[in-house]
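*Asks:* Here the protein sequences line up with chains A and B, keeping their order.
In case it helps, the numbering used here puts the first sequence at residues 152 to 636.
In case it helps, the numbering used here puts the second sequence at residues 649 to 1095.
Check the hints yourself; a few may be wrong.
To be verified - With a cut-off of at most 20 Å between alpha-carbon atoms, the simulated SDA-like pairs for lysine to any residue come out as follows: (1) LYS538(A) - GLY557(A); (2) LYS314(A) - GLN358(A); (3) LYS998(B) - SER735(B); (4) LYS376(A) - LYS706(B); (5) LYS634(A) - GLN265(A); (6) LYS687(B) - GLU383(A); (7) LYS583(A) - GLY557(A); (8) LYS410(A) - LYS706(B); (9) LYS687(B) - GLY412(A); (10) LYS188(A) - LYS706(B); (11) LYS660(B) - ILE675(B); (12) LYS583(A) - LYS538(A); (13) LYS973(B) - LYS538(A); (14) LYS314(A) - ALA382(A); (15) LYS998(B) - GLN265(A); (16) LYS706(B) - GLN265(A); (17) LYS687(B) - ARG499(A); (18) LYS514(A) - ALA680(B); (19) LYS376(A) - ILE675(B).
What the hints assert, rightly or not - What follows is a set of in silico ranges between Cβ atoms, one per label pair, in the way DEER data are often shown: (20) PRO829(B) - GLU443(A): 44 to 52 Å; (21) ASP359(A) - ARG956(B): 47 to 55 Å; (22) GLY742(B) - GLU193(A): 47 to 55 Å; (23) GLN709(B) - GLU443(A): 32 to 40 Å; (24) THR582(A) - SER801(B): 23 to 31 Å; (25) LYS660(B) - GLU601(A): 36 to 44 Å.
Honestly, the hints are just simulated from the structure, not real lab data.
Beta carbons: idealized from backbone N, C-alpha and C, even for Gly.
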Amino acid sequence: MADYHQLIFEISQSGRTGADLPESDVDPIELDEKFPKHLLRETPAELPEVSELQLVRHYTALSHKNYGVDNGFYPLGSCTMKYNPKINEDVARLEGFSRIHPYQPAETVQGALQLLYELQEDLAAISGMDAVTLQPSAGAQGEWTGLMIAKNYHQQNGENRSKVLVPDSAHGTNPASAAVAGFDTVTIPSNENGLVDLEALKKRVDQDTAALMLTNPNTLGLFEKDIVEIAEVVHEAGGLLYYDGANANAILGKTTPGKMGFDIVHLNLHKTFTTPHGGGGPGAGPVGVTKELIPFLPVPRIEKDGDNYIWNDDEPLSIGRVKGYYGNFGILARAYTYIRTMGPEGLRQVSESAVLHANYLRKRLETHYESPYAQFCKHEFVLSGSKQKKLGVRTMNIAKRLLDFGYHPPTIYFPLNVEECLMIEPTETETKETLDAFADSMIQIANEVEEDPDIVLDAPHTTVVGRLDETKAARKPVLRYTKSV
Amino acid sequence: MTSTFRYLPDTKQDQQDMLDFLNIQSIDDLFADLPSSIKLTEALAIPKAIPEPDLIKKMQQLSLQNIHANQYPLFLGAGTYDHFIPSVVSHIIGRSEFYTAYTPYQPEISQGELQAIFEFQTMVCELTGMDIANSSMYDGFTSVAEAAALAVSTTKRSKVMVSQAVHPESRAILKTAATGPGYQVEEIDLTTDITNIRDIQEKADDQTAAIIVQYPNFFGSVEDLLEIKKIAQEHGALLIVSANPLALAILQPPGKLGADIVVGDMQPFGIQISFGGPHCGYFAVTKKLMRKIPGRIVGQTTDAQGNRGFTLTLQTREQHIRREKASSNICSNQALNALASAVFMSALGKQGIRQMATLNIKKADYMARQLTEKGFSVNNQSPFFNEFVVTLPVSASEVNHKLFEAGIIGGFDLNKDYRMNNQMLIAVTEQRSKQEIDQFITILEGL
Chain A
152 MADYHQLIFE
162 ISQSGRTGAD
172 LPESDVDPIE
182 LDEKFPKHLL
192 RETPAELPEV
202 SELQLVRHYT
212 ALSHKNYGVD
222 NGFYPLGSCT
232 MKYNPKINED
242 VARLEGFSRI
252 HPYQPAETVQ
262 GALQLLYELQ
272 EDLAAISGMD
282 AVTLQPSAGA
292 QGEWTGLMIA
302 KNYHQQNGEN
312 RSKVLVPDSA
322 HGTNPASAAV
332 AGFDTVTIPS
342 NENGLVDLEA
352 LKKRVDQDTA
362 ALMLTNPNTL
372 GLFEKDIVEI
382 AEVVHEAGGL
392 LYYDGANANA
402 ILGKTTPGKM
412 GFDIVHLNLH
422 KTFTTPHGGG
432 GPGAGPVGVT
442 KELIPFLPVP
452 RIEKDGDNYI
462 WNDDEPLSIG
472 RVKGYYGNFG
482 ILARAYTYIR
492 TMGPEGLRQV
502 SESAVLHANY
512 LRKRLETHYE
522 SPYAQFCKHE
532 FVLSGSKQKK
542 LGVRTMNIAK
552 RLLDFGYHPP
562 TIYFPLNVEE
572 CLMIEPTETE
582 TKETLDAFAD
592 SMIQIANEVE
602 EDPDIVLDAP
612 HTTVVGRLDE
622 TKAARKPVLR
632 YTKSV
Chain B
649 MTSTFRYLPD
659 TKQDQQDMLD
669 FLNIQSIDDL
679 FADLPSSIKL
689 TEALAIPKAI
699 PEPDLIKKMQ
709 QLSLQNIHAN
719 QYPLFLGAGT
729 YDHFIPSVVS
739 HIIGRSEFYT
749 AYTPYQPEIS
759 QGELQAIFEF
769 QTMVCELTGM
779 DIANSSMYDG
789 FTSVAEAAAL
799 AVSTTKRSKV
809 MVSQAVHPES
819 RAILKTAATG
829 PGYQVEEIDL
839 TTDITNIRDI
849 QEKADDQTAA
859 IIVQYPNFFG
869 SVEDLLEIKK
879 IAQEHGALLI
889 VSANPLALAI
899 LQPPGKLGAD
909 IVVGDMQPFG
919 IQISFGGPHC
929 GYFAVTKKLM
939 RKIPGRIVGQ
949 TTDAQGNRGF
959 TLTLQTREQH
969 IRREKASSNI
979 CSNQALNALA
989 SAVFMSALGK
999 QGIRQMATLN
1009 IKKADYMARQ
1019 LTEKGFSVNN
1029 QSPFFNEFVV
1039 TLPVSASEVN
1049 HKLFEAGIIG
1059 GFDLNKDYRM
1069 NNQMLIAVTE
1079 QRSKQEIDQF
1089 ITILEGL
């Protein structure tokens, strides 16, 4: 099946089906009696017609052309591609969780509400916040939710603060979320050590600053050790501190955003808390806040009233609703299961191992690739392909060559403030043997760049398709299948 | 620290070897740059670890504290529906090459996901009658707000109009979202079960960016999109339609009736109800809006040898490139659920989804007719799909209580969101048998 290249539409044959439905057990009616003609479809939607086995073979063949964490090492920086435990999948599929309707009366879904309530409590403890909403369905939606909370908080204080400060190393979602929440973005430069330039920050913070968004450790994998002072600077000007939790895998049980002085936090359950990335989603991005911001959290909130769990949507200062129902419950159930599996001791070990692995791997590679920062890294680190660039090989080529060794490449060309950046996050769930094998491959590639650059420049050599023409894809977009006549 | 956790593979020896290589004494040395004032001195205040055999029992017990749709027939819909899901769906999305992968940024090792999403985009275009669909959104409700944002930024106008027959949660999220950029949201009144056309005419003006309606609407009724499109066109506003994809198997696709943006939720197609999420929003537009669409899009291209291949494309719209100038901040989407719905659509196929949609229409129609015959009044004056509103002699919550005692989960109480006393929105999918419907009605008769 390796050479299977057909679209499901191309194997379709009129008259086949992959599912059967029962006959109607009620009196027949004619559709055109019920609906006026102009409301009815004239031609059916051209969906595929395949047998069940054809369908299974088609998608099985596609799965063989896809690479996940279960296939191999996936050191994609900032994405925390750790192992996705199987028990989590089983739990989310229990019929008492997967077959309940969001509008059932609260007394018929006490188990689900208890799970959500306890998860709120756990995430509050882990982040050092006073309360948590589970509604946001992704990190970016969490950012937007958090910024809307900041906006409403300032407005409640009679202030219309218009600026959100974002370091130049921040994830692209930070400035994009600020824009969607109606703020102007001000970029804070990094200093030569890869950290927030405190002096530049002081100059840019003012009475118009609504919030500073910060990832700590930052996207270079470095801990912002001036964090206490940074928090003071922002707070003194009346601004709030927002924690982008994308890199929370480095700090579990070691510190909390609350301890650091943050007021608002989002956590990516699909990163730190092992819920699968699903090829792009679904994820979940719960948001935690300090006490004074609790009135602004989205509704409905899940609360405990005596022995009962209830919804509360009567909160006049709330920013309102941000997502349908109560968030991505199936994802939340997986994260809950993970937190129960690990407990406080386990979560601390997660971060310790993640940080140990990153530092070990960095040291193994820094003889062959430029390592721009001396400080110990946290759960991830950056290398620069600047040496290799001088020899005519770009970071993109190195990434593609890694595919030949059976690895998913690191994140590349991000953050933007490192030339030819490779951002590597090994995670705690990999063995030392895997780290060593990956280091060996990276070193072999560095040697190839010096001795036989063509093998790197022409990579990948072993994948099901060669390097794809992305310019053509963007200039002449073909975004759907059309039957050729 | 020992390796007593099954997800943590380091042995003591591994750790020692790594520490030695790093020339440090302990892992704490790696955290020495944390100021002491912020270091945790106590363990996190969360419950202790639970071994797998005990944990699975605990989770089963917790799940059994919920009444689920395999125990009690469900007549609740209101945006989330109990539909048949063929076994193949969970088996395909349970393949870990799909579910443990990241977003397909490395196309050479992500052709499976990319092709599946390309096929999904095609299916969404076929159903909606639109030119272009993206790779999915968080859910149908948030997609409405994203569509409004697109309309505001494209038309550079300051107001969106939304029918009160649009799902209350879509409207709630829209209101939250509108306070960001600061555009106005104006609601359009109802004429019993559908959008009041005259009210649109009165409220639409040259600042109207979009008119938003739902198809079928929250009460199950099918709006006349042509009439609404005419008004939108007169004022240069976009028509945004939030549509149930199953209904589109039978109904005229919004694309044929002049919709500029069609959004909705794929939940009826192979996605578990799962207490409301994760589901899967879809987002489709006309060609004109191609470069404004939020989220990820897969395009077809060729590799160096000229073989067909797929890749993420038109990425200059997106946040990781454009940052604050991006068309949206969306990053993660619901790819795995988009895959589930694509598998579902492939399994049922061209005929199967029509058959399923027809079964829904027949069963809902049967129940409504039976209720009418027994003297209850069904409010819908327009044709409806698989949901309708019935007036009850007592409050909906009282009725639901009686139904629950008889082992049935009743409909949606319209009192809270619409102040419609004693009225209930009832969903009748293909999953409901004649016997279940008859039992429901018998209980109503006994009130």
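*Asks:* A separate judgement is required for each hint: does it hold in the structure or not?
*Replies:* Structure-based check of all given hints:
no.: 1; hint: LYS538(A) - GLY557(A); in the structure: 24 Å, violated
no.: 2; hint: LYS314(A) - GLN358(A); in the structure: 9 Å, holds
no.: 3; hint: LYS998(B) - SER735(B); in the structure: 19 Å, holds
no.: 4; hint: LYS376(A) - LYS706(B); in the structure: 41 Å, violated
no.: 5; hint: LYS634(A) - GLN265(A); in the structure: 51 Å, violated
no.: 6; hint: LYS687(B) - GLU383(A); in the structure: 17 Å, holds
no.: 7; hint: LYS583(A) - GLY557(A); in the structure: 17 Å, holds
no.: 8; hint: LYS410(A) - LYS706(B); in the structure: 32 Å, violated
no.: 9; hint: LYS687(B) - GLY412(A); in the structure: 12 Å, holds
no.: 10; hint: LYS188(A) - LYS706(B); in the structure: 54 Å, violated
no.: 11; hint: LYS660(B) - ILE675(B); in the structure: 12 Å, holds
no.: 12; hint: LYS583(A) - LYS538(A); in the structure: 27 Å, violated
no.: 13; hint: LYS973(B) - LYS538(A); in the structure: 33 Å, violated
no.: 14; hint: LYS314(A) - ALA382(A); in the structure: 16 Å, holds
no.: 15; hint: LYS998(B) - GLN265(A); in the structure: 42 Å, violated
no.: 16; hint: LYS706(B) - GLN265(A); in the structure: 12 Å, holds
no.: 17; hint: LYS687(B) - ARG499(A); in the structure: 12 Å, holds
no.: 18; hint: LYS514(A) - ALA680(B); in the structure: 18 Å, holds
no.: 19; hint: LYS376(A) - ILE675(B); in the structure: 18 Å, holds
no.: 20; hint: PRO829(B) - GLU443(A): 44 to 52 Å; in the structure: 26 Å, violated
no.: 21; hint: ASP359(A) - ARG956(B): 47 to 55 Å; in the structure: 52 Å, holds
no.: 22; hint: GLY742(B) - GLU193(A): 47 to 55 Å; in the structure: 38 Å, violated
no.: 23; hint: GLN709(B) - GLU443(A): 32 to 40 Å; in the structure: 38 Å, holds
no.: 24; hint: THR582(A) - SER801(B): 23 to 31 Å; in the structure: 48 Å, violated
no.: 25; hint: LYS660(B) - GLU601(A): 36 to 44 Å; in the structure: 38 Å, holds
In the structure shown, a violation is registered for the earlier hints numbered 1, 4, 5, 8, 10, 12, 13, 15, 20, 22, 24, in ascending order.
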